[in-house]
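A.B. asks: Spelled out, the chains give:
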Amino acid sequence: MESVVIGINFGSTNSSIAVLAPNGHFNVIANADGERMIPSVVGFSGDEEFSGTQALQQAVRNPKNTLEGFRKLIGKKFEEVKVSSDVTHPDMIVTKQLKHILEEAEAYLGSKVTGAVLAVPTYFTEHQREVLSKAAADAGINVLQIIQEPVAAALAYNFGQNPAKGDAQDKTALVLDMGASSFDITVLSVRGGIYTILETAHDEALGGAAFTEQLVQLVAQEFKKKTKVDVTGNKKALLKISTAAEITKKQLARSPMAPCSVESVAEGLDYNGSINRLRFEMASAKHFARCNELIEHILEKAQMTAGAIDEILLVGGATRMPKFQSKLRDIFPETTMRLEQESDEAITVGCAAQASLIAGFEKEDIVASTKENITVTPHTVKPIGVVGSKDEFITIIPNHTPLPAKRVFEFGTAEAGQAEVYFALYEGEQDPLPPKKEKVEKVDVGSDDEDEEEEEEELPAKPTFHKTTLLAEVVLKELPAGAKAGELKIEATVQVDITNKLTITLREKKSGKQVRAESA
Amino acid sequence: MVLDFLLPSPPKSWSNDKTSAFHAKITAPTKATIQPAGRHFLAHARRHIHSRTFSEDEKVVSAEEAAAKNANDGENDNSDLGDEPEDPAMLRRDPKDWKDQDQYAVLGLSALRYKATEDQIRRAHRRKVLRHHPDKKAAHGGLHDDGFFKCIQKAFETLMDPVKRRQWDSVDPNVSDDVPNAKSKGDFYKQYGPVFERESRFSNTQPVPQLGDANSTQEAVESFYDFWYKFDSWRTFEWMDKEDGEGHDSRDDKRYFEKKNKAERAKLKKEDNARLREIVDQALSLDPRIKIFKEQANKQRNAKKREKEEAEKRAAEEAVAAAAAAEAKRIADEEAEKAAREDGKKSKELLKRAVRKEKKNLKALIKDNNYFLPAGQTAGPVEVEKQLESLDALLDGAKGLDQLESVRKTLEDGVKNGNIAEVFQAEVAKRS
Chain A
1 MESVVIGINF GSTNSSIAVL APNGHFNVIA NADGERMIPS VVGFSGDEEF
51 SGTQALQQAV RNPKNTLEGF RKLIGKKFEE VKVSSDVTHP DMIVTKQLKH
101 ILEEAEAYLG SKVTGAVLAV PTYFTEHQRE VLSKAAADAG INVLQIIQEP
151 VAAALAYNFG QNPAKGDAQD KTALVLDMGA SSFDITVLSV RGGIYTILET
201 AHDEALGGAA FTEQLVQLVA QEFKKKTKVD VTGNKKALLK ISTAAEITKK
251 QLARSPMAPC SVESVAEGLD YNGSINRLRF EMASAKHFAR CNELIEHILE
301 KAQMTAGAID EILLVGGATR MPKFQSKLRD IFPETTMRLE QESDEAITVG
351 CAAQASLIAG FEKEDIVAST KENITVTPHT VKPIGVVGSK DEFITIIPNH
401 TPLPAKRVFE FGTAEAGQAE VYFALYEGEQ DPLPPKKEKV EKVDVGSDDE
451 DEEEEEEELP AKPTFHKTTL LAEVVLKELP AGAKAGELKI EATVQVDITN
501 KLTITLREKK SGKQVRAESA
Chain B
1 MVLDFLLPSP PKSWSNDKTS AFHAKITAPT KATIQPAGRH FLAHARRHIH
51 SRTFSEDEKV VSAEEAAAKN ANDGENDNSD LGDEPEDPAM LRRDPKDWKD
101 QDQYAVLGLS ALRYKATEDQ IRRAHRRKVL RHHPDKKAAH GGLHDDGFFK
151 CIQKAFETLM DPVKRRQWDS VDPNVSDDVP NAKSKGDFYK QYGPVFERES
201 RFSNTQPVPQ LGDANSTQEA VESFYDFWYK FDSWRTFEWM DKEDGEGHDS
251 RDDKRYFEKK NKAERAKLKK EDNARLREIV DQALSLDPRI KIFKEQANKQ
301 RNAKKREKEE AEKRAAEEAV AAAAAAEAKR IADEEAEKAA REDGKKSKEL
351 LKRAVRKEKK NLKALIKDNN YFLPAGQTAG PVEVEKQLES LDALLDGAKG
401 LDQLESVRKT LEDGVKNGNI AEVFQAEVAK RS
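Here the protein sequences line up with chains A and B, keeping their order. So the first sequence is residues 1 to 520, counted in our numbering. So the second sequence is residues 1 to 432, counted in our numbering.
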């Protein structure tokens, strides 16, 4: 049977499904209602059950028996959970939602799904993952693997994978995942194409919903001004406004002004108005500030400067907000911001990519390969590299590189007619970070002061390293004579194995002359 | 990965007998969890599970890939044929009009056309038959429509028969017959190269010399144009013949059609030859190389001419110079002669003058010394006359300056000694 594998992003607010299309791209598939984002909502009304878009639609008239945001409850004990409806156990709701997703996928594909890869947030415990896995199995999904959300996003962005050349880059990324109801930050390093999570932080209060809430407040105030009707505490009215505000918020990401209209907010009165983007940004300034605070905090925790981040991967619909991106530029003025993926579909696409990658394997092999004896591996602490002609440290194997590691580099000879080359390998240490400038709070905000502030702004420097310990020296002798300076190409292979053993091979590419040295 | 970094020679302190030295261990690594996702993790897991090193793993993987590739190669590789979409209009063609159909397009060979080899045609035909065979279509629930299949068979027949294929290739409307615009600007070689390449297919003699480029030798260019002016084309226009359909049973009718077709063919062939001729003419007139060659030839001729002229000029100049030299010599000689002559004259005059002076001296001497009369004798006019006559006689007798000088000396000595009279008498007697 041909394998049909999908990637599922089971989000706390929305879920989505992606599949590998015949043209090699990953398609996010729409459900029967034409939505690519399937709301993670389950509703009960008498004997009827609703999930997805339908559940969301009936939420207004059936708020008590409609459940959303239940992903956060996965694996938690029933006593810990305070669900408004006591209809059923939360894990069973998860099963219902996943079953719904599977049905949508199979309806679209027209064939049975043989396997799926799911993504979970980094803060999920092993127990929670197991519960999710079981819930999925109950829903009839053959879970191939559960991967971390930032890793899925990185796969979707093809971060550090460089499939064309074969040699993967060594980079560090900041994955910013702002979904509807949480903000997850991950510092993710990729070394030789292998991902390691260096640091994570998350804030459940921050997310698209928080911004929508600001918008709801704005609308409620406006409504009160116009109609003298106070909707505070009116759950149904607020829910109505919230639904409209959600749409308005999305439009504000694209245009500087968006209409917002709610029919019959309260007491049969309609609301018709439009919201200015600036006004919305002003109102939610504290949320934006909190985002940056969190990012700066995680950088500090990871002992990194903003310059050490090579790429920023944006995930989740809320990262589309222009203000969010421009605020990011305050911290990272130069860093590449990756936007080419639809940010709210990145995780789904990454899951599908991983699913198609492992579709051919036996389930046992996949489970075996994700066991700790393989995934827990030594990582280098300090970068290993060579010293250039100007005594600068050139990194060959950076820090945070999982072992075993192998890097191949090519060098030239320095002089014409050189008969021997000398290769020295050093361990490096990062130069001390430039002292952080104390932010002087300025009391009077005059135009002159603003100018000064702009001048003071400087780019966060890329971290530099200096050599510390000489690790090894190798000499390659009897090179072919008569070559010009830089003409001979020396290929240096540096390997560090799992027991810390260092192997260096120098090879002259034309004559194939080589020397190999192994540390004890 | 290439680093912009050059490796130096070993430092002086490096002892010659060792090739490597290890000084320190890497700082103890920390344990961390890698994320089990992505291609590179799979490679990592594979290496770990089979406990292979990097290079061993590379070898195994490349061997596996090669094996997979070989397995694929077992099937017929039709990648050279391309995969062109079938025009729906073409699929609905009436097989009766097979003569007008694009024989290559029917087999899906529009891209290759006259370049398609026999093997390629055979494979393309097989591929099309597999898709369009009436049985196959019927099996898929389609109508029993074998129209396009017939078209395929006709096209295959045409293209596999060398004579018929030539006839079709001759009139293939999808290969351009255009004569490039002589006035259009642009790279000559890019413009005309493909034209000649295209026309080459009609040549009876193969291989056909091609246009080449700006660096072609004069010989090559000349032989190229020579070839194309004598182009021997197999192009034929039989494909365009009007059918002598069933209606013409009579021999006369048949003959009439034959004659007409023949005339038509000849006319087309003539036109085609003229067309090719035009292309070659145009190319020749536009060929930048020909211009260069002409210029070079001109330059050479001019250089020779100039050389010749210069030689002549030089010869003439030399002759003139020689004549002038002769003239100058003559003048110089003459002048020398004249000078010599003048010199002679002058000396004579000097001599004369000296003589005259001598004589004058003597006359003065005689006057001062009492006319050489013996002492005590007063000089009366008679005596003076007589003495002067004697002197004149003496002077006439003493020829030349030398004698005159000796006479004067003798006389002067006589004056000094006081016996001048006797001396004078003796001298007169001696000389006259």
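These are calculated hints, taken from the structure and not from any lab test. Please note: incorrect hints may appear among the correct ones.
In the BS3-like style, the derived pairs of lysine-lysine whose C-alpha atoms are separated by at most 25 Å in a straight line are [stated by the list, open to error]: (1) 31/B / 171/A; (2) 406/A / 59/B; (3) 510/A / 18/B; (4) 406/A / 31/B; (5) 489/A / 12/B; (6) 164/B / 254/B.
Output of the computed footprint for chain B on chain A, the stretches with three or more beta carbons under 8 Å from beta carbons of chain B [to be verified]: (7) 52-61; (8) 399-407.
We put the beta carbon where it would ideally sit given N, CA and C, even for glycine.
A.B. asks: Next, verify each hint and record whether it holds.
C.D. replies: Each hint, compared with the structure:
| no. | hint | verdict |
| --- | --- | --- |
| 1 | 31/B / 171/A | holds, 19 Å |
| 2 | 406/A / 59/B | holds, 15 Å |
| 3 | 510/A / 18/B | holds, 23 Å |
| 4 | 406/A / 31/B | holds, 18 Å |
| 5 | 489/A / 12/B | holds, 23 Å |
| 6 | 164/B / 254/B | holds, 22 Å |
| 7 | 52-61 | violated (count 0) |
| 8 | 399-407 | holds (count 6) |
Going down the numbered hints, you'll see the structure goes against just number 7.
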